Amino acid sequence: MNIQFLSTTRLACAALLFLLLAGVSAQAADKTLKLEAQLILCSNDAPTNGRPVAPEIEKKLKHLPLKWQHYSVVSAQTITVAKDESKPLVLGKSEMTLKNLGGERVEVTLVGHGKITQSLRKSQMLVTNSNDDACLIVVRQLD
Amino acid sequence: MNQEQQLKLQAFLDGELPEREAREILSWTQRDSAAAALVAELRNTRQAMAKAEPHLSLPESREFFWSKIEREIQRREPATASAPDVSIYAALRRWLLPAVAVGALVIAGMIARFNVPNATVETVADADTPTVETTLANSDATTYRDASEGTTLVWFSAAADASPVPNKKPTAIN
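Residue numbers (our numbering), protein chains in the order written: chain R, 1 to 143; chain V, 1 to 174.
Worth flagging that the hints you see were computed from the coordinates, not collected in a lab.
All figures in this text were calculated on a predicted structure; none of them were measured in a lab.
Any given hint could be a false lead.
For the chain V half of the interface with chain R, some residues (derived, Cβ under 8 Å), not all of them [to be verified]: (1) 7; (2) 44; (3) 67; (4) 132; (5) 137; (6) 155.
Beta carbons: idealized from backbone N, C-alpha and C, even for Gly.
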């Protein structure tokens, strides 16, 4: 009797936990994303002006197969995008559109280049090229 | 009178002392009224207890009496084991909890089926893989994923473009 009671209790707890997780994931899928796009100047000389990039971004950039050693922020924009909403953005000479596809997935459309569809959780970062010389565009999700 | 002397008097009364010591105690009780009073009190107490002790006797032999007790114990044991006392609450709980669990699973399945968008049903690995489309026919895109850092690099280049990116070739291209 005790064993059966224990197993049914566990089953009920597991079901409730699953229900909770399903609810949380459904909420995560519909949430609004706060995105930041940065125009980053790349060089092999130590930058004399410009704001240095955040350490976590610099660490990620240095793991990429890029020829540059130093990175500084030229400009940055933060936007809030609701699910299924698109917002245009201009960074330097680059025009783009950021769309929240839900489930922490975004669609980045770079005018004149193409479209990238990618999950963008808080630990992830998307890097692409810019129309400006020796510049990158970095897109990430903020808290 | 100390405790040792009191014990001597008790032993004297019980006849546990050697003859010489018993004579000494006897002469002491004749001299000391307190000792004589204690001996008299102890004697009276012993007599009272001896008279008050009930004398029980069994109408049957000891072996037969204990065999009856043993048979009665054996008769009651299987009856107790075969009829456990199950409360209504316990019986209800036995069926109610599985029913609640199944109901919760059904609700969770319905939520997962109808409320979660299709995109989030994909596995994490699929979601992490970027999809790239180029706008121009003669352009190309190179994708590099650093899974350990969670970074994706997408580099668009025209066909005739001498890529400004990499000095070194990407080691892993999806």
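Evaluation of the provided hints:
no.: 1; hint: 7; in the structure: 58 Å, violated
no.: 2; hint: 44; in the structure: 61 Å, violated
no.: 3; hint: 67; in the structure: 36 Å, violated
no.: 4; hint: 132; in the structure: 5 Å, holds
no.: 5; hint: 137; in the structure: 11 Å, violated
no.: 6; hint: 155; in the structure: 5 Å, holds
Checked against the numbered hints given earlier, this structure breaks hints 1, 2, 3 and 5; the rest are met.
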